[in-house]
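Note that the protein sequences, when read in sequence, are chains A and B. Heads up: the first sequence runs through residues 115 to 224, numbered per the numbering used here. Heads up: the second sequence runs through residues 2 to 115, numbered per the numbering used here.
Rather than coming from a laboratory, the hints here were simulated on the basis of the structure. Every residue, glycine too, gets a C-beta built ideally from N, C-alpha and C. It is possible that part of the hints are untrue.
For the chain A half of the interface with chain B, some residues (derived, Cβ under 8 angstroms), not all of them [unchecked claim]: (1) 150; (2) 162; (3) 202; (4) 222.
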Amino acid sequence: TQLLEQSPQFLSIQEGENLTVYCNSSSVFSSLQWYRQEPGEGPVLLVTVVTGGEVKKLKRLTFQFGDARKDSSLHITAAQPGDTGLYLCAGTSNDYKLSFGAGTTVTVRA
Amino acid sequence: NAGVTQTPKFQVLKTGQSMTLQCAQDMNHNSMYWYRQDPGMGLRLIYYSASEGTTDKGEVPNGYNVSRLNKREFSLRLESAAPSQTSVYFCASQRAGRSNQPQHFGDGTRLSIL
């Protein structure tokens, strides 16, 4: 059973469209991280959110941490082919070990 | 900048064989981790080392052993490989464990067990 549920599992959109990826749990996390992974490589950190209700922006990417610190979302505006990849959310609990979601595979078609 | 280096990148084993996956980091990080990644299951923690000289079990430790050889190196050993251990293995390091600091990952070892 996955501690963090990500949805959707797969997402295929046209260049210029917007997309949102969700990460949900019944557990409270002290922080939540989003990683992006490209084929043949390891995950690379995009952002860490710590405070409930926190919103962080990274160029066209907007990350939100839920008020109760149980869920998070990643929104990409005007997606580009370079945004293609596997997006992983990971939560840290009291022992600070990371629990990963299964990931959302995003494909942006030119 | 090398970051986290994993060797080998690919390996095929027969059931029952043993092998050691190597990991080294050059960022002077204190904590190191071994994960496995399987389709539809994300990354699952096998073992971790919060600091040099310490190791602890993660979520899926059965069938594996680890050695924190020094601050830079953290190896993962499969004593008797089984087909269920076919996976992509990632090593990661972190400046300090028990923190929100990012983990830095290597590019993985793709292991197939026949």
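A quick look at each hint next to the structure:
Annotation: interface hint on residue 150/A violated; nearest CB of chain B at approximately 11 angstroms, more than 8 angstroms. Interface restraint check for residue 162/A: the shortest CB-CB distance to chain B comes to about 5 angstroms, inside 8 angstroms, so the restraint holds. Taking 8 angstroms as the C-beta contact cut-off toward chain B, the hint placing residue 202/A at the interface holds, the least distance being around 6 angstroms. Using the Cβ-Cβ criterion of 8 angstroms, the hint placing residue 222/A at the interface with chain B is not satisfied: the shortest such distance is roughly 21 angstroms.
Checked against the numbered hints given earlier, this structure breaks hints 1, 4; the rest are met.
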